[in-house]
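Assemble the complex: chain V is given as a structure, and chain R must be docked to it using the hints.
Protein chains in written order, with our numbering: chain V, 1 to 462; chain R, 1 to 414.
A couple of the hints might just be wrong.
In silico DSSO-like links for lysine-lysine, alpha-carbon gap of 30 Å or less [to be verified]:
hint, chain 1, residue 1, chain 2, residue 2
1, R, Lys-382, V, Lys-409
2, V, Lys-409, R, Lys-400
3, R, Lys-269, R, Lys-79
4, V, Lys-449, V, Lys-353
5, R, Lys-341, R, Lys-399
6, R, Lys-38, R, Lys-382
7, R, Lys-269, R, Lys-38
8, R, Lys-400, R, Lys-382
9, R, Lys-399, V, Lys-409
In case anyone wonders, no lab produced these hints; they're calculated from the structure.
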Amino acid sequence: MSYRALLPLLWLVTLGCSSNKNPQQQPAADPLSGGEGTTFTVGKNAFAQAAENLVGDRRDPFFDGNALFNRNWATAPASAVGVDGLGPTYNARSCSSCHFKDGRGRPPFSEDEAMSSMLIRLSVPGTDEHGGPKPEPTYGGQLNPLGILGVPGEGDPRVVTSLESGKYDDGTSYELSVPSYELRDLAYGEMSADVMLSPRTAPQMIGLGLLQAIDEADLLANADEKDRDHDGISGRPNHVWDVAKADVALGRFGWKANQPRLEQQNSGAFLGDIGITSPLFPSENCTEAQTACSAAVNGGSPEIDHDRVDVVDYYSKYLAVPARRRTGDAQVLQGEQLFTDLGCSGCHIKTFKTGTVEDFPELSQQTIHPYTDLLLHDMGDALADGRPDFEANGNEWRTPPLWGVGLFKDVNDHTRYLHDGRARNLEEAVLWHGGEAQDSADAFKALSKSEREALITFLGSL
Amino acid sequence: MKLPSFRVRLSSQVLLMALVGSAGFGCSSSDDDTAAQKAVVDNYAAMVAANYADTLSTAKSLKKAIHSFVDAPSEDGLKEARDAWLASRDPYGLSEAYRFSQGPIDNDDSDDDVPEGPEPLLNSWPVDESYIDYVRVVTKDEDEKEVVTYPDGGIINLPDEFPTIDADALSGENTKHGEDEITTGYHAIEFLLWGQDFNVDGPGDRSYTDYVVGEGGTHANQDRRGQYLVTLADLMVDELSVVNDAWLEGKANYRADFVALPPASALGKILLGMGSLSGAELSGERMSVALDEREQEAEHSCFSDNTLADLRNNATSIQNVLIGHYGDIQGPGIADLIEKKDAALAKALRDDIQRAIDDIDAVPPTPFDQAIMADDDDPARKHLLDAVDALHRFTPNLKKAADTLGVSLNLQSK
Numbered sequence: 001m002s003y004r005a006l007l008p009l010l011w012l013v014t015l016g017c018s019s020n021k022n023p024q025q026q027p028a029a030d031p032l033s034g035g036e037g038t039t040f041t042v043g044k045n046a047f048a049q050a051a052e053n054l055v056g057d058r059r060d061p062f063f064d065g066n067a068l069f070n071r072n073w074a075t076a077p078a079s080a081v082g083v084d085g086l087g088p089t090y091n092a093r094s095c096s097s098c099h100f101k102d103g104r105g106r107p108p109f110s111e112d113e114a115m116s117s118m119l120i121r122l123s124v125p126g127t128d129e130h131g132g133p134k135p136e137p138t139y140g141g142q143l144n145p146l147g148i149l150g151v152p153g154e155g156d157p158r159v160v161t162s163l164e165s166g167k168y169d170d171g172t173s174y175e176l177s178v179p180s181y182e183l184r185d186l187a188y189g190e191m192s193a194d195v196m197l198s199p200r201t202a203p204q205m206i207g208l209g210l211l212q213a214i215d216e217a218d219l220l221a222n223a224d225e226k227d228r229d230h231d232g233i234s235g236r237p238n239h240v241w242d243v244a245k246a247d248v249a250l251g252r253f254g255w256k257a258n259q260p261r262l263e264q265q266n267s268g269a270f271l272g273d274i275g276i277t278s279p280l281f282p283s284e285n286c287t288e289a290q291t292a293c294s295a296a297v298n299g300g301s302p303e304i305d306h307d308r309v310d311v312v313d314y315y316s317k318y319l320a321v322p323a324r325r326r327t328g329d330a331q332v333l334q335g336e337q338l339f340t341d342l343g344c345s346g347c348h349i350k351t352f353k354t355g356t357v358e359d360f361p362e363l364s365q366q367t368i369h370p371y372t373d374l375l376l377h378d379m380g381d382a383l384a385d386g387r388p389d390f391e392a393n394g395n396e397w398r399t400p401p402l403w404g405v406g407l408f409k410d411v412n413d414h415t416r417y418l419h420d421g422r423a424r425n426l427e428e429a430v431l432w433h434g435g436e437a438q439d440s441a442d443a444f445k446a447l448s449k450s451e452r453e454a455l456i457t458f459l460g461s462l
Numbered sequence: 001m002k003l004p005s006f007r008v009r010l011s012s013q014v015l016l017m018a019l020v021g022s023a024g025f026g027c028s029s030s031d032d033d034t035a036a037q038k039a040v041v042d043n044y045a046a047m048v049a050a051n052y053a054d055t056l057s058t059a060k061s062l063k064k065a066i067h068s069f070v071d072a073p074s075e076d077g078l079k080e081a082r083d084a085w086l087a088s089r090d091p092y093g094l095s096e097a098y099r100f101s102q103g104p105i106d107n108d109d110s111d112d113d114v115p116e117g118p119e120p121l122l123n124s125w126p127v128d129e130s131y132i133d134y135v136r137v138v139t140k141d142e143d144e145k146e147v148v149t150y151p152d153g154g155i156i157n158l159p160d161e162f163p164t165i166d167a168d169a170l171s172g173e174n175t176k177h178g179e180d181e182i183t184t185g186y187h188a189i190e191f192l193l194w195g196q197d198f199n200v201d202g203p204g205d206r207s208y209t210d211y212v213v214g215e216g217g218t219h220a221n222q223d224r225r226g227q228y229l230v231t232l233a234d235l236m237v238d239e240l241s242v243v244n245d246a247w248l249e250g251k252a253n254y255r256a257d258f259v260a261l262p263p264a265s266a267l268g269k270i271l272l273g274m275g276s277l278s279g280a281e282l283s284g285e286r287m288s289v290a291l292d293e294r295e296q297e298a299e300h301s302c303f304s305d306n307t308l309a310d311l312r313n314n315a316t317s318i319q320n321v322l323i324g325h326y327g328d329i330q331g332p333g334i335a336d337l338i339e340k341k342d343a344a345l346a347k348a349l350r351d352d353i354q355r356a357i358d359d360i361d362a363v364p365p366t367p368f369d370q371a372i373m374a375d376d377d378d379p380a381r382k383h384l385l386d387a388v389d390a391l392h393r394f395t396p397n398l399k400k401a402a403d404t405l406g407v408s409l410n411l412q413s414k
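The following block holds chain V by itself, in its conformation from the complex:
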């Protein structure tokens, strides 16, 4: 008997203790969001599990990767020679300090709090040699607020917020928190007058290998750049630079789908966020103006070797997706129906079947429910960062996967959503949707209170 077939039975088993919340006997939703690797762990470690179908010795590299993911990097030279080479400038000392418990980063709660699990990308108009963003000449492609001793951190980013109010169609009012950014104490002089900023929180790490395992053709099938079906939704793939292949590739990861593969995303984060050079990115990110940065002792060339990058990649591929909760609950099912009716499911596509990935059988041929198309959409002026990233324009964002969004509170003690964490709960996240999603957001505002609650309850079940 298969795992999947057992679940309705399980629901019956538990029925004795809980009240029947599904009197219409609608079929329960599939709880296995991440296929056979789905974890049933809840609570603080809900995002920190290895895929359930990863078994035996195949778990070993996962745990080596886990250790490196949590490891604090030390200033070079250090006795822990394998993990020295921090910075010279950096955002964090470990992967897990932003992706805490493999979860979601957030903006500071107030102007007085330093930014610790999100970052600010920088660029000036134009492109680099591969069509990517052109780094700010003095500060590079990302603000690194911290520096090792003797190398000044680049500056202190602060978030200042103001409130904006609005009303649902039924007259109920709501407030949205609108962020703006100040870069204080810039250590290397003024930035270019035409600098563009893109603030981004650290995303949750779950199910990334499954997203990479979706066949490109299945993603491109949803692209509709010219909106030929006239549903108001375009859906564009980003085409980005694959460093290892030295070629253009489909972008899948990152808030603007600017990374083609986890291997590149991870090495990019090692360099950009922690200051660790790798086989893929062998040069420290010090700009010409940053002389102390260039003169600092490094932790070897490169600072993380191929084998260790490999186990971190392996780890990032196999973090399990948590199972949905309350899948038979009538309110959840009503909410999912509304999600479809309002058109949310046009971009937040529920189901894919992964392709076959050589050497990664646990990720292959899995039916998954990520609620994303991994494509770019114009999300309106209010959410825009105004900073192009390869083919993504300043208004476009990649549809983020929604699996796990109901668990941020459990794992990370907050409920902040969207690329910069401006939404203080799921309801605000929906309300911020504009551009191609404006009609859906308007339709949400027109719902009754109980319908709105049903939609939010559904999202919370993911």
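Relative to the frame of chain V, chain R by itself:
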């Protein structure tokens, strides 16, 4: 419905979901079971209190030895301080099975009533030693010949940037960016007592003269180095006092709340601590990773070469909770509860943790760093690999035990 046959096929975690609603609240466990569980929880609380009392008293001895040494630096004084450090590591290592369960030592959940735990200030690794003091720097000259220098660096040698070295400055430094700057705790003290370890055959050999102010002193800023060391020792006693107080009997403290929990909830915390240590932390982070990486200093007490003792203490810590034993305390343990439900499972748990300890003990007295770099057929390395295997059997069995006891256990482990 043939429920039992379904249960056999269900994964442990699915089964757990089914049991979660009823766990510990009288649905699945009888009053007898609850009383037995409560006895285990009470005995555990007594063990924890005794262990932290030892941890605190040995830390106080260390503080005393460090103050004496810094007041009048000498070869003997340095040895006494090092011995006191080694003695203080034993009870601390034995206490690590009490971590990972949002208790006073390492709670990191800002949402509950327990204050944030001081563990990051006490035991973070790896130490960012060049953030603290001078380190050896190897560069190459024009002829590609290696040049070794010891440039003044670190907080100790930056009096302009860090004019005051006191508890506020160092604990603030340690937490300025989350758990980031690793500049306090056991391993920072270890670095200041032993220095970096470049010896194949033994630990680091920092000279006591690094602390001699004036004539005969080596390296710069000896007074600031002494001040740093004394401050770390003071800070450690302060932090451990807080943890100790939280477990004292008969006070309105964490212990009082803990023993008042429904026994199944308290057991969940106990098992989470044991399983997190046996799984992700000890067999994973502290052993497998070091063995896989084969880096000389991928070991935790790398300056003093005390890592084998650390490992033994950690494994014993798990055993202690399993069998309800610490020092003079011997009472009901987790194994006694499991025994009543599944004697074979209780035996497997007892045997595997003993195997792990025996294998760690059987490692010949080569330093751990040499053992992890050796070939796979090297006896030292082989014993360590066998210990990891034993822990790899232990941890899933502990999950099974949780299921058997009707206790919810969400581990990140094999």
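Structure-based check of all given hints:
| no. | hint | in the structure |
| --- | --- | --- |
| 1 | Lys-382/R / Lys-409/V | 43 Å, violated |
| 2 | Lys-409/V / Lys-400/R | 28 Å, holds |
| 3 | Lys-269/R / Lys-79/R | 39 Å, violated |
| 4 | Lys-449/V / Lys-353/V | 35 Å, violated |
| 5 | Lys-341/R / Lys-399/R | 14 Å, holds |
| 6 | Lys-38/R / Lys-382/R | 40 Å, violated |
| 7 | Lys-269/R / Lys-38/R | 13 Å, holds |
| 8 | Lys-400/R / Lys-382/R | 28 Å, holds |
| 9 | Lys-399/R / Lys-409/V | 25 Å, holds |
When the structure is compared with the earlier hints, violations turn up for hints 1, 3, 4, 6 and for no others.
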